[in-house]
Amino acid sequence: MQRFLECLELKTLVCDDLDRKSAYALALTNSAFLHPGLRKVWHTIDTFEPLLRCLPDDVLSETKLRAFFTRLPTKAMSLRRPLVAEDLVRYRSHARYIREFKIDMYRCKRLPAADLLHGLELVTEKQHGALSPNLRSFKSFPRIPMKTDLLQSLSPFTYLFMGTGIEQLEVSLSAKLPLDAALIQSTSQSVPNLKALKFSADSDLPLTTKYLSSSSWDNLQSFCARTCSSISILASLPQLRTLRLTEVQNTDIQIQSTLLDQDTIEVRNRGFPSLREMEVHARSFTIILEFIRHLPTSNTIRTLTFGTFLSPASPPEIQDILSSIRARVNPLTLESLQIADNELDEVHQQAFWAPGPDVEPPEPEDLGYDEPIDALPHTHDFTNLEVLVLRFNERIRVTSGDLAAIPGRWPRLTRFEISETGPKPQHPLVDHTDLMALMERCPSLRVLGVPFDATRISGRERSPRGPFLLSRLYVLGSPICSPSCVAEFLLGNFPELKQIELAFEDPRLNYSDSKTINRWVKVRELVIPHWEPEGYSVPS
-7 MQRFLECLEL KTLVCDDLDR KSAYALALTN SAFLHPGLRK VWHTIDTFEP
43 LLRCLPDDVL SETKLRAFFT RLPTKAMSLR RPLVAEDLVR YRSHARYIRE
93 FKIDMYRCKR LPAADLLHGL ELVTEKQHGA LSPNLRSFKS FPRIPMKTDL
143 LQSLSPFTYL FMGTGIEQLE VSLSAKLPLD AALIQSTSQS VPNLKALKFS
193 ADSDLPLTTK YLSSSSWDNL QSFCARTCSS ISILASLPQL RTLRLTEVQN
243 TDIQIQSTLL DQDTIEVRNR GFPSLREMEV HARSFTIILE FIRHLPTSNT
293 IRTLTFGTFL SPASPPEIQD ILSSIRARVN PLTLESLQIA DNELDEVHQQ
343 AFWAPGPDVE PPEPEDLGYD EPIDALPHTH DFTNLEVLVL RFNERIRVTS
393 GDLAAIPGRW PRLTRFEISE TGPKPQHPLV DHTDLMALME RCPSLRVLGV
443 PFDATRISGR ERSPRGPFLL SRLYVLGSPI CSPSCVAEFL LGNFPELKQI
493 ELAFEDPRLN YSDSKTINRW VKVRELVIPH WEPEGYSVPS
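By the count of the numbering used here, the sequence shown reaches residue 532 at its end, each step adding exactly one.
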């Protein structure tokens, strides 16, 4: 036991597995766990209580606040007497353990008033990071509707928590808050070790561009924002490994590749030297193609995720995007490829939060016909794929031969989804027997999505190599006759199913009178009796 108590790593593991209250109790009852316990308790600061409670009782007085919501702070703490350096001795003994600062206003009961913040500024001699000298991650204050200007008074003092050791920064740059924006802009030269930078969705593009242009960001490894105005700036970051853009508009980026000769393009494509993961959601595939063209042919990309909003890709666009990826991405390193069109942006997600007869139209009499696209051959070179997702409004051709070739072509595959983002009248070229044969030869699959003919399922089919560990099944575009037979088939062969995806993301594409969808809904009720949409929880 004594040897265990002498091992800091083991004591740290014990405390890391505890909640804050338990870690604090352990730190107080056993001196051997004092420092590991306090590290756990003080690691993340999400309210101002740790600071306020460490100040002497005679320092503070409280004033009641008016808020729009009952969960918001109700008290402001002001100075009763001048603050002196000795008042911070207790707090500073613990502040060295703080690594993450992300204030959650809905958890705060009290806020520091402006005079208290000025007092802290004076006793710390305006030293950057004085209140959390070893901080590694900082998230700027959220915008909360309060009938007070107290929140605005907090922002000018954020530098007291932000030292030069910051490695992760999540901020909002908005022209509506010029003081906040100016303060954030001033940090670009004071965080030389920054590795991860994230701009909130409400950040203004000109301000984020200015911020990015103000430093070389030699150590930046991760960048996340709603959009950007220059691919070249991002491509020039020498250590950038992860890039995520959530909503790039057509007017945000100037498309130039098609106007340049090949030699000029190759010179410019020496960017993104360290990139491993790229995720871009945009208004059109033209923008995504521009990002792909910026990749150097010597890249070591592992993950590519692309999507377009409310914009179905045409057959030529699908061929262009896949052929461009095939031409520019390293086939030996790519492990995950996900492409989708017709996604809903945030505005439309909120507009369609309650689909129903006002949103979901009846099925039209004439559905037309389009030939399936032969797109899978573009992905055959990427033999190390673990995830392959192609979701287009157009149907991608998948045959029995394609499924039979998967185990030899992609032996590490765990997710295979070739589905549609809108209804298609074409009959699938594979059925349930092809899916069973695939699972028998590729038991590592956990997510499967291929339109298949489920009309000939009796329910008695069983695989001698089953049951399988499939956890999610996409059935969009799959005709069905008997929900009870299909449910019996799924329960017998895939008892671990937790999700059956049967509806399109855009509710306007789910026909209100569709027998197919209604039958699959019945299947889901039989197979997953307590199914809930992802992200939903029953209110307590």
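No wet-lab data here; the hints were simulated from the structure.
These numbers come from a predicted model, not from an experiment.
Keep in mind that the hints are not guaranteed to be accurate.
[To be verified] Straight-line Cα separation of at most 20 Å, SDA-like style, residue types lysine to any residue; simulated pairs:
{"#": "1", "residue 1": "K101", "residue 2": "S53"}
{"#": "2", "residue 1": "K118", "residue 2": "A174"}
{"#": "3", "residue 1": "K56", "residue 2": "A77"}
{"#": "4", "residue 1": "K202", "residue 2": "L146"}
{"#": "5", "residue 1": "K168", "residue 2": "A188"}
{"#": "6", "residue 1": "K168", "residue 2": "Q181"}
{"#": "7", "residue 1": "K490", "residue 2": "E517"}
{"#": "8", "residue 1": "K490", "residue 2": "S506"}
{"#": "9", "residue 1": "K507", "residue 2": "P487"}
{"#": "10", "residue 1": "K190", "residue 2": "Q177"}
{"#": "11", "residue 1": "K190", "residue 2": "A174"}
{"#": "12", "residue 1": "K101", "residue 2": "L169"}
[Said to hold, decoys possible] Pairwise CB distance ranges, derived in the manner of DEER restraints:
{"#": "13", "residue 1": "Q491", "residue 2": "N126", "range": "36 to 46 Å"}
{"#": "14", "residue 1": "G393", "residue 2": "P487", "range": "37 to 47 Å"}
{"#": "15", "residue 1": "T243", "residue 2": "S392", "range": "38 to 48 Å"}
{"#": "16", "residue 1": "S392", "residue 2": "P417", "range": "55 to 65 Å"}
{"#": "17", "residue 1": "P521", "residue 2": "P459", "range": "54 to 64 Å"}
All residues carry an ideal CB built from backbone N, CA and C; glycine is no exception.
Inset, instruction - Check each numbered hint from earlier against the structure, then list the numbers of those it violates in ascending order. - result: Violated hints: 3, 4, 5, 6, 8, 9, 12, 14, 16, 17; rest satisfied.
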